[in-house]
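With chain C's structure known, arrange chains P, F and S on it following the hints.
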Amino acid sequence: MSSATLAGLVGAALVGLGLYGVIADPQPLRKILAFNLIGSGVFLVFGIVARKGAAAGLSADPVPQAMVITGIVVAFAASALAVALTLRLFEETGRATLRPDAGTKPPGDGAVAE
Amino acid sequence: MSDFLLATAGAILFTVAVGLVRILGGPGDADRMMAAQLIGTGGIASLLLIAAATGARGVDDVALGLAILAAFASAAFVNSGAPAEEPDPNPADDR
Amino acid sequence: MSVLQALDVGLALLVFAVAAWTVFAPGPFAATVGYVVYGLLLSLVWIRLFAVDVALTEAAIGSGVTGVLLIGAAARLRGAETTPAEEALTGLTRLFAAGLCLLVAAALAAVVLLLPDQGPTLAPQSMERLPETGLGNPVTAVLIAFRSFDTMLEKVVLVLGVVGVWSLAADRYWGGAPGEARAERPEPTLAFFAQMLAPIGILVGVHVFWVGADEPGGAFQGGAILAAMWMIVMMARLTEAPQASAFWLRLALIAGPAVFLAAGVAGAVVAGGFFAYPPGLAKPLILFIETFMTFTIAVTLPMLVAGPPRREPRR
Amino acid sequence: MSLALDLFSIAAISAGVFFFLAGTVGLLRFPDALSRLHALTKADNLGLGLIVLGLLPRAESLLAALMLVAIWALVQLAGATAAQLIGRAVRRKGPAI
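Chains as they are written, first to last, in my numbering: chain C, 438 to 551; chain P, 803 to 897; chain F, 613 to 927; chain S, 46 to 142.
The hints are simulated quantities; they were obtained by calculation from the structure and are not laboratory data.
None of the values given here were measured: they were computed from a predicted structure.
Check each hint, because a few of them may be wrong.
What the hints assert, rightly or not - With a cut-off of at most 25 Å between alpha-carbon atoms, the simulated SDA-like pairs for lysine to any residue come out as follows:
no.	chain 1	residue 1	chain 2	residue 2
1	S	K87	P	R824
2	F	K895	F	L865
3	C	K468	F	L865
Said to hold, decoys possible - To spell it out: a stretch of chain F is covered by chain C in this simulated footprint if at least three of its residues, at any positions, have a beta carbon under 8 Å from a beta carbon of chain C; those stretches are:
no.	region
4	666–680
5	738–751
6	760–771
7	862–875
Stated by the list, open to error - Taking beta-carbon pairs under 8 Å as the criterion, some of the chain P residues facing chain F (in silico):
no.	residue
8	M803
9	L808
10	A809
11	F816
12	V820
13	G828
14	D831
15	I852
16	L868
17	I870
Backbone N, C-alpha and C fix where the C-beta goes; we use that ideal spot for every residue, glycine too.
Excised from the complex, chain C in its bound form (with noise of 0.2 Å):
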C-alpha cells in the first residue's frame, strides 16, 4: 500500500471520528474540534487526489494542493467565529450549552439589559 493510500485511508477515519464528535459530543468547544477533525480528513483525501495527480516532473498535482491551502486559512476563520460565539454564549449565560431550555443566569458584565 502506498503512503498517499494509507493517508487517504487515515482521512476517511478521521471524518468518521469527527462526525462522531460532532454528534455525540454536548459541549460546543469539543464540537468546533471535531469539526476540525472532519475537515482535515477530508483535505487528507483531497491529499491523495493531489497525490495520484502526480504528473508532468511534480510529484503532486498543484491544484488540489492549492485548495486544500485555502480551506485550511477558510477552517481557521470558521472555528474563530464559532469560538467566539460560544464565548459569548458562556458570558451571557454562565454556561456553554447548546440545550434551548438552559438555564440563563442574570445578566452580568455582560450587556443584554444595557
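For chains P, F and S alone, kept in the frame of chain C given last:
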C-alpha cells in the same frame, strides 16, 4: 544511510508517542502543555530526519516555521487567565 | 516492508490515536491539547504526501495560530464545562451515531481504495502555462494566477470572519479594543521571549513569502508567521491590541482583497479578461498583489484570535 | 572521508535518539510536574541538538547547515521559554516546591 535516518525518525516518533500517552492524561493541565512541547521538538527532529532521507525540497522552512511557533501553545496557556492547576497527587517530597 | 513504509504506518497510527484522544478525552482542555498535537503531526503527513506548501500552511495556521485560539478558549471556558448528565446522549443513540459514522468512514475508505493509480490531473496544464506567470512554484501560480478568483474570495471570507467576530461585542464595547485591560504585570519571561523572537520571526515570515514565488511558501504561510509575531507581542503585553474602530486597521483588513480585485478589474480592461495579467508584467503584478495579501493576512489572523472588543472605546 | 562522516552522523544521531528516550523515561517515571518538565527539556536541548549535529555533514550547502543550526537555536529559545512559563504556572497553583 537513508534507512538509518528513517529508522531513527520512527524511533523518535515512537518515544514521543509513549511520552504522549503519559502526559496527555495529566494529572494537571501543565502536564498536558508539556505534551504540546514534546511533540513540537520530536516532530521537528523527525521532520529533519525524514527530509534528509527522502531529499524533499523546502522541508527546512517547515521545520523553521514549527520552531518559531513551538512555544505559542504554552504562551497562550499562561496568557489566558489564571491556569487552574489540579494539585499533584504525588508531591515531590514523597520520594 | 521497507523502513519508509513502516514509518508511514506508524505515523498513520499515531495521527489516528491522537485524533481519537481529541474526541474521547476526559476533559475539554485535554481534548484541545490533543488537537494541537494532532495539527503538528498532520504537517508531517503532508510532507509524506509531497505537499510541502500544504505542510507549511498546516504548521503555521493549523497548528500554531489555531492552537493559540483553541487553548485560550479552553482555558477561558474552564468554569463552564461541567455538562449536566442529561445532555449526554443515551447509550442507544450513541451506538446508532457510531454505526452511522463507521458507515461514512467505510464508504470514504472504499472510495480511497478504488481510486485509479493515475487519476485525472491538471499538473501538465499547470506546468505548461507556468512560464507565462514568471513563477517557479506551481502551487503559488494556481493560487494567484490560475484560480485567482477563489483566492480573492477567500480573503473576503477572512474579512467577513472578522466582521462576524466583532459584531459579537457588547453594545458598550462597540469599536473598542479586544482583550481585557489587565492590571497585572506581564510575565517577564514571555516579554523577553517576544522581544527575542519577533525580529527573527518577521524575517522568517518575509523570507517564506518571498521564496514562495519559486519554492514552497507564499503569502498564506508567510502572512501566518507574521501574524503569529504580532500575536506573541500582544500576548507579552509589549503592545496593546488596536481599537476595532481604528481607521488604519480597517484599511489594513481590506487592503489585500481590494488590491486583488482592482488588479482583476484592471486585467479586464488591459489584458482582455477578468483577472488576466498582461504578458510580461505577470510576475511583478503577482508579487505586488501578494505583498498586500501577506500584509492583510498578518493583520486579519490576530484579530480573529483576539476576539470581539472587550474594552470601552477611547475617543 | 565519507565513511568517517557517516560514522560521525550515525554516532551523533544515535546519541540524540538516546536523549529523546531518556526524556520519555523521565516523563514516565518522575513523580511531579516540575521534575517531568526537567526531563522534557533534555529532549529539547540534547536530543534535537545531537540530531542536528549529526545531520550537519549531510547538509547540501553552508546555508542549509546554518538553517539547521538556526532551527535548533529557535527550539532552544522556545523550549526554555515554555519550560519557564509552565513551571511558573505549576508553582503558582501547585504544591509548594
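Cross-check of the supplied hints:
The hinted pair formed by S/K87 and P/R824 meets the criterion: a straight-line CA distance of about 17 Å does not exceed 25 Å. About 24 Å separates the Cα atoms of F/K895 and F/L865, which keeps this hinted pair within 25 Å; it holds. Note on C/K468 and F/L865: the hinted pairing is violated, with a Cα-Cα distance of about 29 Å set against a maximum of 25 Å. Coverage of the region 666–680 of chain F by chain C holds. Counting CB-CB distances below 8 Å, 7 residues qualify, and the rule asks for three or more.
Proximity of the region 738–751 of chain F to chain C, defined as three or more residues with a beta carbon under 8 Å from a beta carbon of that chain, is established by the 5 residues found. Only residues whose beta carbon comes within less than 8 Å of a beta carbon in chain C count, and the region 760–771 of chain F has 5; three or more means the coverage holds. With 0 residues having a beta carbon nearer than 8 Å to a beta carbon of chain C, the region 862–875 of chain F misses the requirement of three or more and the stated coverage is violated. Hint on P/M803 is violated. Least Cβ distance to chain F is approximately 11 Å, over the 8 Å limit.
With a cut of 8 Å, the hint placing P/L808 at the interface with chain F holds, because the nearest CB-to-CB distance is about 5 Å. Evaluation of the P/A809 hint against chain F yields a held restraint, the C-beta minimum of about 5 Å falling below 8 Å. Given the 8 Å rule on beta carbons, the hint for P/F816 holds: about 7 Å separates it from the nearest Cβ of chain F. The criterion of a C-beta within 8 Å of any C-beta in chain F is not met by P/V820, whose closest approach is roughly 11 Å, and the hint is violated.
Here the hint on P/G828 is kept, as its CB sits about 7 Å from the closest CB of chain F, short of 8 Å. Given hint, P/D831 at the interface with chain F, holds; its Cβ is 5 Å from that chain's nearest Cβ, closer than 8 Å. Restraint check, P/I852 versus chain F: the minimum CB separation of about 6 Å is within 8 Å; hint holds. Given hint, P/L868 at the interface with chain F, holds; its Cβ is 5 Å from that chain's nearest Cβ, closer than 8 Å.
Because the closest C-beta pair between P/I870 and chain F is about 5 Å apart, less than 8 Å, the hint holds.
This entry does not satisfy hints 3, 7, 8 and 12, going by the numbered hints stated previously.
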